[in-house]
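These are the residues of each chain, in order.
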Amino acid sequence: MDLKFSDEQNILRDMTRSLCTDHSTIAVVRAMENDPHGVPEGLWRQMGETGLLAMMLPESMGGAGFDMLDCAVIYEELGRHLAPGPYFASATLSALVLREAASAGQQQELLPGIGSGATIVTPAWLEPGNGFGPRGVQLRARPTEGGYVLHGTKRHVFHGAAAHKLLVLARTGDDEQAIDLLLVDRDAPGVRLEQQKSMASDTQYRVVFDHVAVPASARIGAPGSGWRSWEAAMYDGIILLAAWAAGGAERALEITVQYAKDREQFGKPIGAFQALAHYMADASAAVDGAKTLAYEAAWARSRGHDVRRLAPMAKLFCCKTFRDVTATGQQIHGGIGFTLDYDIQLYYRRAKQLQMNWWDAHYLEELVATDILDRELPRTIPDPFTV
Amino acid sequence: MDLKFSDEQNILRDMTRSLCTDHSTIAVVRAMENDPHGVPEGLWRQMGETGLLAMMLPESMGGAGFDMLDCAVIYEELGRHLAPGPYFASATLSALVLREAASAGQQQELLPGIGSGATIVTPAWLEPGNGFGPRGVQLRARPTEGGYVLHGTKRHVFHGAAAHKLLVLARTGDDEQAIDLLLVDRDAPGVRLEQQKSMASDTQYRVVFDHVAVPASARIGAPGSGWRSWEAAMYDGIILLAAWAAGGAERALEITVQYAKDREQFGKPIGAFQALAHYMADASAAVDGAKTLAYEAAWARSRGHDVRRLAPMAKLFCCKTFRDVTATGQQIHGGIGFTLDYDIQLYYRRAKQLQMNWWDAHYLEELVATDILDRELPRTIPDPFTV
Amino acid sequence: MDFEFSPAERAFLQEVDDFLQANWDPRVMDVTRENMAQVCDTPERRAFMKKLAERGWLGITWPREYGGQDGEGFYEYLLNEKLSSVGAPQIGKGVGIIGKTLIKVGSEKLKREFLPKILNAEIEFAVGYSEPSAGSDSAAMRLRAERQGDGWVLNGQKVYTTSAHFADWYWVGARTDPDAPKHHGISLFLIRMDDPGLTIQPMYTMGGERTNAVFFDNVFVHDDYRVGELNKGFQYIAEALDIERFTMFTFAPIRGRVELLCAHVKHATRDGEALKNDPRLRQRIAQLATECEVARLLGVRFVDTAINSPKTPTVEASRYKLYSTELSRRVADATMDIVGPGAQLALGTEDAPLKGRAESCYTYTVIDTIGGGSSEVQKNIIATRGLGLPRNF
Amino acid sequence: MDFEFSPAERAFLQEVDDFLQANWDPRVMDVTRENMAQVCDTPERRAFMKKLAERGWLGITWPREYGGQDGEGFYEYLLNEKLSSVGAPQIGKGVGIIGKTLIKVGSEKLKREFLPKILNAEIEFAVGYSEPSAGSDSAAMRLRAERQGDGWVLNGQKVYTTSAHFADWYWVGARTDPDAPKHHGISLFLIRMDDPGLTIQPMYTMGGERTNAVFFDNVFVHDDYRVGELNKGFQYIAEALDIERFTMFTFAPIRGRVELLCAHVKHATRDGEALKNDPRLRQRIAQLATECEVARLLGVRFVDTAINSPKTPTVEASRYKLYSTELSRRVADATMDIVGPGAQLALGTEDAPLKGRAESCYTYTVIDTIGGGSSEVQKNIIATRGLGLPRNF
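Chains as they are written, first to last, in my numbering: chain A, 1 to 387; chain B, 388 to 774; chain C, 775 to 1167; chain D, 1168 to 1560.
Some clues are possibly wrong.
Unchecked claim - Lysine-lysine pairs mimicking BS3-like chemistry, simulated, CA-CA at most 25 Å apart:
(1) Lys268/A x Lys655/B
(2) Lys956/C x Lys878/C
(3) Lys1085/C x Lys883/C
(4) Lys1349/D x Lys655/B
(5) Lys1085/C x Lys1006/C
(6) Lys1349/D x Lys648/B
(7) Lys956/C x Lys268/A
(8) Lys261/A x Lys956/C
(9) Lys825/C x Lys891/C
(10) Lys584/B x Lys1522/D
(11) Lys1522/D x Lys1433/D
(12) Lys1217/D x Lys1284/D
(13) Lys197/A x Lys1129/C
(14) Lys1276/D x Lys1217/D
Source of the hints: derived by calculation from the structure; they are not laboratory data.
So that you can see chain A by itself, here it is in the shape it has in the complex (with noise of 0.2 Å):
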């Protein structure tokens, strides 16, 4: 038992800290609200040269060789820093779908881009009205000579207009899961992007899909994969959002506590009143838990263990954490916390979107109830001190 860090990690945070200062910093964040493309420059090509967007890459192609614990590290730094940008999106979801099941072919012509930054390739996977399991994806794919012809609408593209290929999950028969995820140029006749407002202020497109033509090689791998390749993703990909909504609430706990040692009322630091105080005492064991629980799931992932239980747990655990931490925030800061001269508040809109997005509480929860209620283990809730 033994939390620290090594020091190849310890690096690699003080390298994504020091990037996200230089070119993460709050101008960055608000230039970036609302951006149709919302691809900060200097980020993005700092993040591709320092090897940050290949975190997901086989060393093969570019790839730094980064275990889950190493990308969480990383990813705790974005998230402190609200950083914006598709790597989410591009370089950690999609390259974790092509890398485990994409043709060799279709990995040599995306991932060195993905690693790069010069390839932006964006999941399009939610539709209106629909949920996040299998059924929720409606979208047909109808089987044409030599590929398909997708129909249906598309919503919460992250940076559809940036991206270069968007990853549809697409239904292509009746079975729950009978879906394959395809590659889509996004300049293709038929695909209509719509921007969309959000929350959040992040840049997220309405694609409508109006009887596109896709090659059938464009299907990542066998017919009635995608479901599988797609949720294998996931489960890595919600360990590093918790990681990332982690350092969001560490960092709005911090701005926060700043906040109640400077401003005074009533002649004192507001930080002195007791009410506050214990608010923020509060949310202090809450962060440490969490970015706790990211760690113990990214390095769970690392070492190969099962975490079926811990990916949804702490995705869970640190988006609500996060959620709680801004609107405590919100409640310190008092009325200036709702001008938008103040950081708090892009804290707080990103962490409940956060929270919404990439399985949601609902969803999350019925995953780790599914882990304890319905698998046969000896124990539901298993003893450590089991050896």
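Chain A is already provided as a structure; the job is to place chains B, C and D on it using the hints.
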């Protein structure tokens, strides 16, 4: 709009409070803990003599013509004093069932005695492993010539040993609501009582019915009408339990506030610590809301309004408030509250138990949800200002 | 005890309903502006206020000698609940805080100048209490007013003056005695909003609405435009708030949001399945609806105390404000969770569930538990004045 | 970073497991005593402690010169978690608080007299810090110790001395300088529990277990039985608590209760339907299990800081204590709600779900957020020492 009580109601409150102050002292409450009979002699006699036990009776049988709001006033005071005794089981719930559904003969036989306190009737309803709905009633009443034979087990039969009659919910068929209410002598051959201790240290029994023969004349109402009668009585009963809980919550808060004024630590009364003061302020809002909601439900019932939503809301919220206030009360009392010497623990144990009995939170929430989501109403949450 | 409105009250509500229907205008009545719906910042909204004035509804509780009806405050409560239920501007600031203070302590000159205009909705006020260093601690205001000739020169800064950029007059608290204890050195002034010494700087909020910082650079005010007695300003402010509290935090918007959520769950589907079949959502809806009823009743309790009892319902108001605004934030958060990912889309997104109201509720309701006395301030009031706990924090 | 135990640690755990199995005795190992399971109040339990002593497990972290093994504190943590997971008495009070304080500051006489007996489990201690007026404010203790001849005369009262009615010796803080600031006038004493000047009066608790008030009537203590330097008692108490904290609040009982609840939901039915099919319960179970893992990790963090870093993990300990005990109360409350009406039946009711454990958890866990530093005290520590917020409350 006017939240004042009538002069009569104020007199009723004063009378009940003074009766409790004399006969439901904390010493009486403590003496009744785990008592096999659980009927506090002085209090019971006084409740009979002052007409409180006749609160549900028609005036022709000695009732004082109280409406539900009058009864809520009484119950709030009983709750403040944690008044022990079988008044809810006998004088309220059983009396309600008998008044609405029993034959003239049955009424004549039982109601006057219930009203004077000479007769005690208690429901035998819940069963091990079963819930609050009609499917929970699995004790069988098999028809015989001229009657039924009962076989099965009941639990949480309050004041079973003191009761003269058990009001048994029994299954007479396979349809979900094929349930009848049968009056069974507590001494009938085959009826076996076993006291079970509970968290609230109240008087409750497990009752085994071992082929107990009951004449057809013991049935209340038409065959198959039992569940309907029971449910109707329960809707009234929970309004009064809500008032009881609100009264208990208010008193628990008063005890706690007083303790926080008296107890000093770190050189000042602990109520001067903002964290504790804020717990009590939150509790104060909840208690005032709970009381008013109980009044509203009782008032609505008195006026003949539909209480399918308000009655469960009242029990749900008042019991939650009672539970939360007592938990806060324990925290503020600190170690001393954990000892049996102090009174707050009497409230703490009863509050949780009341929340779990007579329709628990899950059951009540579902009743409220049904009213909101499954009924055809123009607005799911009515606008009180719409004329 | 009676939880129902009297026939007279129902008749009044009917009258207001008819009026609102007859004057329906989506530019005036817009619940999507959430907490800012009450701001009277457009020509259409000002015109609407004039219509209210024509009905005599601005002077309901004013004495007859000033053109009022000497009526019960309860009708102001009913009117504001109605107005806020449709997102229309409300009465309160001019008629209540300023008008009633002038009636009580204003000079004949000020009464003559302002009261008729208020009654006729010919004037729009901005209120300047908050300052950078005076938030929850409102008596800490520092805006300096120094005596000069027959008037005062004001220097300093206000914040959160939401109406500064469209109001005609500014109702301002300023420190007239820097040496007195902080509650006893403040006086109230009326200043023309277009005074050249005032600089209005927008502060934009998370909800996209505007409020303002206002800078005072040697603003001269004639002593005639000082209100009431010197150095009693804070007392006037507090008294007016106590009187006006129940026109300030209306319940209708919270009810409206709960209704919006319930109606959504009742009718919407996910993956083709009715949302209302999900026991988790049924449970949450039941809880929120119950708490909504409790909030309503705490409001009823408070209004009832104001009207049917001799005491000032300070503690009742705090309980209502505390409980209802904390609920408001819970409702906003739960709405996000229940509605699901589409709820992140911003207000006005046509194909979003609730057309984006989930988003606007989540961002706006942050201010509910802060403005008008934060939850912590309310709890202090309840603890000390309601429960008699020692004031030591 | 490694969340797993090392091979050596696993071997130790295996050794303890084997030991527990070989010495299984339901009179000694009884989780149904909840928080009181650690009390060594019966002959069987004392005999069990002697067996632990024979294994050398009482002196794991003691210096070799006093018969210890100079081992890592981590093994004490592992041992106590194992012991508490089966409801056995734990090491800590004698070995830790008293033994380690004696080793550090005790006279040769006291070391010679007590240390071997502690190591061999021949002595049971009661600890007397709390007094009627000294709860959270433990430095406020008033028990008077007045100099007389070659010793001290003690008068006053202690409360919550859980072991008073069966212990051999009493480890007591008393005020030796009434004029010093409250943290600087306390000294520690060792007193025979059968001293005729002590009157032990039972205080019964909600859980049915016993604790005691102890009255001191002219109890004479020779100065040889005063521990360490005069008037430094409070400092010793605080230092010992900092060292021993992670043997005091074990995680295993909380984990055990969550597991109990989860297993119940997994296997039980209501009205013939599997409980685990209820989405509301599934949701609640997922939340509690997640929070349980967080509590465990806060404990891991705290132990890791204690062992792998040079700093005293005061803030980490407070975070763990705060979060895990608040969770403990939530779990108890949720267990009641999830298990349903049968959960009200008292501990030991054979036909009750969980045999009544729901009831005992609900009544016992009240003390979790109070004893050993209340949640509010922990929050003060985190706020001031962890976040650097000003101490002003």
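Hint by hint, here is what the structure shows:
1. Between Lys268/A and Lys655/B, the direct Cα distance comes to roughly 20 Å. Compliance with the 25 Å bound is thereby established for this hinted pair.
2. Taking the CA atoms of Lys956/C and Lys878/C, the gap is near 23 Å; set against the 25 Å cutoff, the hint holds.
3. Of the supplied pair hints, the one linking Lys1085/C and Lys883/C is violated, its CA atoms being roughly 32 Å apart against a limit of 25 Å.
4. This hinted pair checks out: Lys1349/D and Lys655/B have alpha carbons roughly 15 Å apart, not beyond 25 Å.
5. Between Lys1085/C and Lys1006/C, the direct Cα distance comes to roughly 22 Å. Compliance with the 25 Å bound is thereby established for this hinted pair.
6. For the suggested pair Lys1349/D and Lys648/B, the alpha carbons sit about 23 Å apart, so the restraint of at most 25 Å is met.
7. In summary, the hint linking Lys956/C to Lys268/A is supported, as the alpha carbons are separated by about 15 Å, within the 25 Å threshold.
8. Only pairs whose Cα atoms come within 25 Å are accepted, and Lys261/A paired with Lys956/C is accepted, the gap being roughly 22 Å.
9. Taken as a hint, the Lys825/C and Lys891/C pair is honoured in the structure, with Cα atoms around 14 Å apart against an allowance of 25 Å.
10. About 12 Å separates the Cα atoms of Lys584/B and Lys1522/D, which keeps this hinted pair within 25 Å; it holds.
11. For the proposed pair Lys1522/D and Lys1433/D, the alpha carbon gap of about 16 Å is at most 25 Å, so the pair holds.
12. A threshold of 25 Å between alpha carbons decides the hint, and for Lys1217/D with Lys1284/D the separation of about 10 Å falls inside it, so the pair holds.
13. A C-alpha spacing of about 12 Å is found between Lys197/A and Lys1129/C, which places the hinted pair at or below 25 Å, so the restraint holds.
14. For the suggested pair Lys1276/D and Lys1217/D, the alpha carbons sit about 23 Å apart, so the restraint of at most 25 Å is met.
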